[in-house]
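A.B. asks: Chains as they are written, first to last, in the numbering used here: chain A, 1 to 116; chain B, 1001 to 1114.
Hint data in this document are derived by calculation from the structure and do not stem from the laboratory. Careful: at least some of the hints might be erroneous.
Said to hold, decoys possible - If you want the ones that stay clear, here's a sample from chain A, every Cβ over 12 angstroms from chain B, calculated:
{"hint": "1", "residue": "K11"}
{"hint": "2", "residue": "H74"}
{"hint": "3", "residue": "S81"}
{"hint": "4", "residue": "S87"}
{"hint": "5", "residue": "F107"}
{"hint": "6", "residue": "S109"}
As the list claims (entries may be wrong) - Which residues of chain A face chain B? A few of them, derived with a C-beta cut under 8 angstroms, are:
{"hint": "7", "residue": "D86"}
{"hint": "8", "residue": "A88"}
{"hint": "9", "residue": "L91"}
{"hint": "10", "residue": "G110"}
As the structure is a prediction and not an experimental result, all values here were calculated from the model. A virtual CB, placed ideally from N, CA and C, is assigned to each residue, including glycine.
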Amino acid sequence: NAGVIQTPRHKVTGKGQEATLWCEPISGHSAVFWYRQTIVQGLEFLTYFRNQAPIDDSGMPKERFSAQMPNQSHSTLKIQSTQPQDSAVYLCASSLEFGGSAETLYFGSGTRLTVL
Amino acid sequence: TQTVSQSDAHVTVFEGDSVELRCNYSYGGSIYLSWYIQHHGHGLQFLLKYYSGNPVVQGVNGFEAEFSKSDSSFHLRKASVHWSDSAVYFCAVSVHNMGYKLTFGTGTSLLVDP
């Protein structure tokens, strides 16, 4: 079990360019989460999928950010027209889910996005 | 809305010392509380969690945490720290039956001097 895999580890984009971040959850996990981590804001929830369906995207900026989960083996976070304030570490996590029980989240190592 | 506060941004101790990292939460309903650790350059790793039952929960690597409803706290403790425990520790809360979204505190950076 390789854990949650995020690619790339580092990405540098110019202002206005698009960035796509990839996440491969642990096999068999039904939930996938995206978080953003910065020094100033800390860990911010972005969005959450269950069985590939979007459940809660309340943390996603309304413009330029989108997330997809086309199959159970990967999810993508896309940022269009990147801005310097988008610079952050983007963390993906996955978990099993049973009823209303909060299960352990398993995090990837993150993608560090730097927008110049 | 549930909130989590970690009052200490930085804690420094010597190897072999005991340590307590503080976490206070605010929410009136049923919640899950957990602690995660993040070593530099890595993602977060689960340490322990609490929902009900014995208020003292044991985690990995000798960590334990105690839930207190009266104090609205879930402090993390370790009796004897090792230099490898140096990391950032995050307390998190999720609301029972309202999904699995975790709300994290701001983190406490623990430095263990050898």
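A.B. asks: Please settle this one: K11 of chain A was flagged as non-interface, so is its CB more than 12 angstroms from every CB on chain B?
C.D. replies: Given a closest Cβ separation of 15 angstroms, the condition holds.
A.B. asks: Does A88 of chain A hold up as a contact with chain B if the rule is Cβ-Cβ below 8 angstroms?
C.D. replies: violated (14 angstroms)
A.B. asks: Would you assess whether S87 of chain A, listed as outside the interface, keeps its beta-carbon beyond 12 angstroms of every beta-carbon in chain B?
C.D. replies: At roughly 16 angstroms from the nearest Cβ of chain B, S87 of chain A sits farther out than 12 angstroms, so the non-interface label holds.
A.B. asks: Given G110 of chain A was flagged as interface, is its beta-carbon under 8 angstroms from a beta-carbon of chain B?
C.D. replies: holds (6 angstroms)
A.B. asks: Should the label of H74 of chain A as a non-interface residue stand, given a Cβ cut-off of 12 angstroms to chain B?
C.D. replies: With a cut-off of 12 angstroms, H74 of chain A remains clear of chain B, as the shortest Cβ separation is near 17 angstroms.
A.B. asks: If we take the beta carbon of S81 of chain A, is the closest beta carbon in chain B still more than 12 angstroms away?
C.D. replies: Holds, since 27 angstroms exceeds 12 angstroms.
A.B. asks: Using 8 angstroms as the Cβ threshold, decide whether L91 of chain A counts as touching chain B.
C.D. replies: holds (6 angstroms)
A.B. asks: Hey, is F107 of chain A genuinely clear of chain B, shortest beta carbon separation above 12 angstroms?
C.D. replies: violated (3 angstroms)
A.B. asks: Far enough from chain B: is every CB of that chain over 12 angstroms from the CB of S109 of chain A?
C.D. replies: The claim breaks: S109 of chain A does not keep its Cβ more than 12 angstroms from every Cβ of chain B (closest is about 5 angstroms).
A.B. asks: Quick one, is the D86 of chain A hint okay against chain B at 8 angstroms, beta carbons?
C.D. replies: For D86 of chain A, the interface hint is violated, since the closest Cβ of chain B sits about 19 angstroms away, which is over 8 angstroms.
Taken one by one, the earlier hints fail for this structure at numbers 5, 6, 7, 8, listed in ascending order.
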